[in-house]
Amino acid sequence: MCLAVAGKIVELDGENAIVDVQGNQVEAITAMVPEVKVDDYVLLHAGFAIATIDEQEYLQHKRTMEELANYAQDLFQPE
Amino acid sequence: MPKTYSSRNDTDRIVKLLKESAARLADRAIKVMEVCGTHTVTAQAAGIHKLFPANVKLLSGPGCPVCVTPAGFIDQVIKLALEENVHVMTYGDMIRVPGVNDSLDDARRQGAKVSVVYSVNDALERARKNPGQRVLFLGIGFETTAPATAYAIKTAQKESLKNFLVLSAHKTIIPAMQALLEDPETAVDGFLAPGHVSVIIGSGAYEPLMKRYHRPCVVAGFDGIQMLMGLVRILLQIIAEKPAVENVYQSRVNREGNRSARELIEEVFAPAGSVWRGLGEIPQSGLVIRPEFGEFDAGKVFNLAQPEDHDRPGCRCGDVLKGIISPDECPLFAKACKPSTPIGACMVSREGSCSAYYKYRNSGVEI
Amino acid sequence: MSNEIKLAHGGGGILMQELIRENIVPALENKSLMELADSARLDVDNISLAFTMDGFVVDPLIFPGGDIGRLAVCGTINDLAARGARPLALSLGLIIEEGLSLEIFRQIMDSVASTAHEANVEVVTGDTKVVERGSASGIFITTSGVGQMRRDMDFGPDRIATGDVVIINGYIGDHGIAVMSLREGISFVSTVKSDVAPLAEMVGKVLDACGSAVKCMKDPTRGGLAANLNEIAKKVGILLEEDKIAVRDQVRGACDLLGLDVLSVANEGKMLFVVSENEARKALEALKAHPLGRDAAIIGRIDEKVGLVRLKTSIGGERIIDTPYGEELPRIC
Chain F
0 MCLAVAGKIV ELDGENAIVD VQGNQVEAIT AMVPEVKVDD YVLLHAGFAI ATIDEQEYLQ
60 HKRTMEELAN YAQDLFQPE
Chain U
0 MPKTYSSRND TDRIVKLLKE SAARLADRAI KVMEVCGTHT VTAQAAGIHK LFPANVKLLS
60 GPGCPVCVTP AGFIDQVIKL ALEENVHVMT YGDMIRVPGV NDSLDDARRQ GAKVSVVYSV
120 NDALERARKN PGQRVLFLGI GFETTAPATA YAIKTAQKES LKNFLVLSAH KTIIPAMQAL
180 LEDPETAVDG FLAPGHVSVI IGSGAYEPLM KRYHRPCVVA GFDGIQMLMG LVRILLQIIA
240 EKPAVENVYQ SRVNREGNRS ARELIEEVFA PAGSVWRGLG EIPQSGLVIR PEFGEFDAGK
300 VFNLAQPEDH DRPGCRCGDV LKGIISPDEC PLFAKACKPS TPIGACMVSR EGSCSAYYKY
360 RNSGVEI
Chain X
0 MSNEIKLAHG GGGILMQELI RENIVPALEN KSLMELADSA RLDVDNISLA FTMDGFVVDP
60 LIFPGGDIGR LAVCGTINDL AARGARPLAL SLGLIIEEGL SLEIFRQIMD SVASTAHEAN
120 VEVVTGDTKV VERGSASGIF ITTSGVGQMR RDMDFGPDRI ATGDVVIING YIGDHGIAVM
180 SLREGISFVS TVKSDVAPLA EMVGKVLDAC GSAVKCMKDP TRGGLAANLN EIAKKVGILL
240 EEDKIAVRDQ VRGACDLLGL DVLSVANEGK MLFVVSENEA RKALEALKAH PLGRDAAIIG
300 RIDEKVGLVR LKTSIGGERI IDTPYGEELP RIC
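Protein chains in written order, with numbering that gives the first Met the number 0: chain F, 0 to 78; chain U, 0 to 366; chain X, 0 to 332.
One or more hints might be untrue.
When the alpha-carbon atoms are kept at most 30 Å apart in a straight line, the in silico DSS-like pairs for lysine-lysine are as follows [as the list claims (entries may be wrong)]:
| id | chain 1 | residue 1 | chain 2 | residue 2 |
| --- | --- | --- | --- | --- |
| 1 | F | K61 | U | K157 |
| 2 | X | K311 | U | K49 |
| 3 | U | K337 | X | K233 |
| 4 | U | K49 | U | K18 |
| 5 | U | K78 | X | K5 |
| 6 | X | K304 | X | K243 |
| 7 | X | K214 | X | K281 |
| 8 | U | K15 | X | K304 |
| 9 | U | K358 | X | K243 |
| 10 | X | K311 | U | K18 |
| 11 | U | K30 | X | K311 |
| 12 | U | K49 | X | K233 |
| 13 | U | K18 | F | K61 |
| 14 | X | K243 | U | K112 |
| 15 | U | K49 | X | K234 |
| 16 | U | K157 | F | K7 |
| 17 | X | K234 | U | K337 |
| 18 | U | K157 | F | K36 |
| 19 | X | K304 | U | K358 |
| 20 | U | K56 | X | K304 |
| 21 | F | K7 | U | K153 |
| 22 | U | K157 | U | K299 |
| 23 | U | K334 | X | K5 |
Footprint (simulated), chain U over chain F, 3 or more residues, beta carbon under 8 Å [claimed, not checked]:
| id | region |
| --- | --- |
| 24 | 34-45 |
| 25 | 48-58 |
| 26 | 69-76 |
Bear in mind the hints are in silico, worked out from the structure with no lab data behind them. Since we're looking at a predicted model, the values are computed, not measured. Ideal placement from N, C-alpha and C gives every residue a C-beta, glycine not left out.
Bound-form chain F, shown alone (with noise of 0.2 Å):
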């Protein structure tokens, strides 16, 4: 539990959206994501945005790595 892909926001009517993943375009709804707009990037799940996502959210993802690495390195000092 549970397979949910990244996507975009390709046409949005009221609720309903058109969401592209990789080139496949899917209807969703957006009631829980109420916020969203056209280009915006969304967690898709069984037919449902369920969240936004940062479009870079992979300096999240690196910001996470130094943290752990930081971490690691207060506790002990790795090699």
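Got chain F sorted already, so can you dock chains U and X onto it with the hints?
What follows is chains U and X alone, placed relative to chain F:
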């Protein structure tokens, strides 16, 4: 698409950190449990078990909502399909799971109308297009999926779709984690928390439980790197002796979760006790449809009792799910109980511990 | 085994193998059949013929990139090609459902004709039946084919040895996804086109270049790479490299969306080659020089872990690739 980020460099770094952290704890066997079927599948798909140091094990807990649905539920659905002429629509996960004897797939052969759908919206659409045909949607899944079912029920009410019915088998994860932790025999050192359930409930949802039981609990996403990062975080907490609820999936999960989604759940469903295959009845762990939406509740419309479990004597799924024994310590494992003839929850779908263990047992990779 | 044939028995996976092993082979027992190869070998005087047949029950009949007509011709040609045979002639069996539109029927027949022409082979005989509405989904087609094998060259799993490499001629998953996007209950719009194509000419080029250095060939149709590599790994082990297997972004996206394993998705224009390591480069060159092999790559290697097909994942882990149980179904949980 969000730019993909992880590189072989990242993996090497994280595997190194994993080895070093595990080395600091070399005197003990560390058992981390994930409680999410998709984590089980991701771990296998990415092949991460091969990268683990010898003293670190990742167990599969009761995170596969299909596996923990009592066998009796399937029998109830099959009966409705064959006797009440409902068109059963369900996520693909459910279709091959056997009830006491048959699966929905088998029922299809016997003339039952059964279809796989990707979204509950497909079931709504079918109900709209065929007003004379009752559609029965199976509400399976944890908090990630429950809001979708709730939305569909509300939509059905708004549009007066009298032929749209839902049989809810939705469950919530925290009561199950609590049940595991309450059992003194449960041998788990920390939890990898499910990324997408956490999108909905927020990482803060685990805090009260972990405050009581002092175990590391780290939210992780669904690729190999995310799971490795989560594991490293847990090991570091153990080394520092500072168990806490933390999150390595910060780009998508925050402490509060998705309020709109939770409101949908609360509006349509109420918590109630439910039976988990392999674990028995857990209080407040299921979601039942509220009376105000009763006309869409198949349980009410057809007067169904709570589905029962029918596990056979000798089945030790409960102990496997709690990390007390490993699959090969169950007397039925690989004998009466195999992926092609599954007996309990752990073997029933490919996400179960026993089914994964069975697959890897000759490969030299420890699962 | 259950006491009834299930839909999953046709899925190309474990159940189908069980059905064949327990109910079909024992009834028919003969040397050629026992090989259970894609094509049977018939030795007549001093010629070796390959003989094969295939049945097509696909729904939808028409899909992006092709239709059941093209599929029927290519399926049989590719089975002949997998045995290194040059296709000589095809037969065409049609079981048509009452009510099928004549326009669609003509389109399918045109595809049969144009695909056969493309592959330089003729449909020389056939049979036509019409069944009542509801007995067939539009049309069922069976094709059989006969081809001439190369002198002193045979291909099969028994020839595979440790150290051999596994090559495929391009991207995987296209056909299965192209077809799935049109199924009921799976509402997504995709521009993925089926890869359905006749491969005999391409295979011919590889054999011209490498001869018997090619040990075994298989077209990974139903069940994808997973089912088909497991079929040839009875006496050897296979280790694939995830990074080397080409998958289009769109196909990967569709698989992610539906929870499908791309390794289990059907292909209809792909051929797996197991080749001696020292001739691998020549095989690749021959493939890349052909329009249907431009994206050819070495995707794995044969080793001694008998019966185990494994994947070295892109993060350096390892995973076992099983034969799929039946047809792949979308999952969400």
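(message) Checking one constraint from the list: CA of X/K214 to CA of X/K281, max 30 Å. Satisfied?
(response) Holds - the C-alpha atoms of X/K281 and X/K214 are around 14 Å apart, at most 30 Å.
(request) Take the C-alpha atoms of X/K304 and X/K243, compute the straight-line distance between them, and say whether it is at most 30 Å. (result) Given that 30 Å is the threshold and the Cα spacing comes to 21 Å, the pair holds.
(request) Would you mind confirming whether the straight-line C-alpha gap from U/K157 to U/K299 stays at or under 30 Å? (result) Holds. U/K157 to U/K299 sits at ~19 Å (cutoff 30 Å).
(request) Quickly compare the C-alpha distance for U/K30 and X/K311 to 30 Å and report which way the hint goes. (result) 25 Å, holds
(message) Just to be careful, I want the Cα atoms of X/K311 and U/K18 compared with a cutoff of 30 Å; is the pair within it?
(response) Holds, at about 20 Å.
(request) With a cut-off of 30 Å on the C-alpha distance, tell me whether U/K334 and X/K5 pass. (result) 24 Å, holds
(message) Would the hint linking U/K358 and X/K243 be met if the CA-CA limit is 30 Å?
(response) Holds, at roughly 24 Å.
(message) Given the hinted pair X/K311 and U/K49, is their Cα-Cα distance within 30 Å?
(response) 10 Å, holds
(message) Next pair to validate is X/K304 with U/K358; report whether the Cα-Cα distance is within 30 Å.
(response) 14 Å, holds
(request) Given that the region 48-58 of chain F was listed as covered by chain U, double-check it with a C-beta distance under 8 Å for 3 or more residues. (result) As far as the region 48-58 of chain F goes, the hint holds, because 8 residues have Cβ atoms under 8 Å from chain U.
(message) Tell me if the straight-line CA distance from X/K234 to U/K337 falls inside 30 Å.
(response) 24 Å, holds
(message) Can you confirm whether the C-alpha distance between U/K49 and X/K233 stays at or below 30 Å?
(response) 24 Å, holds
Hint violations for this structure: numbers 1, 14, all remaining hints satisfied.
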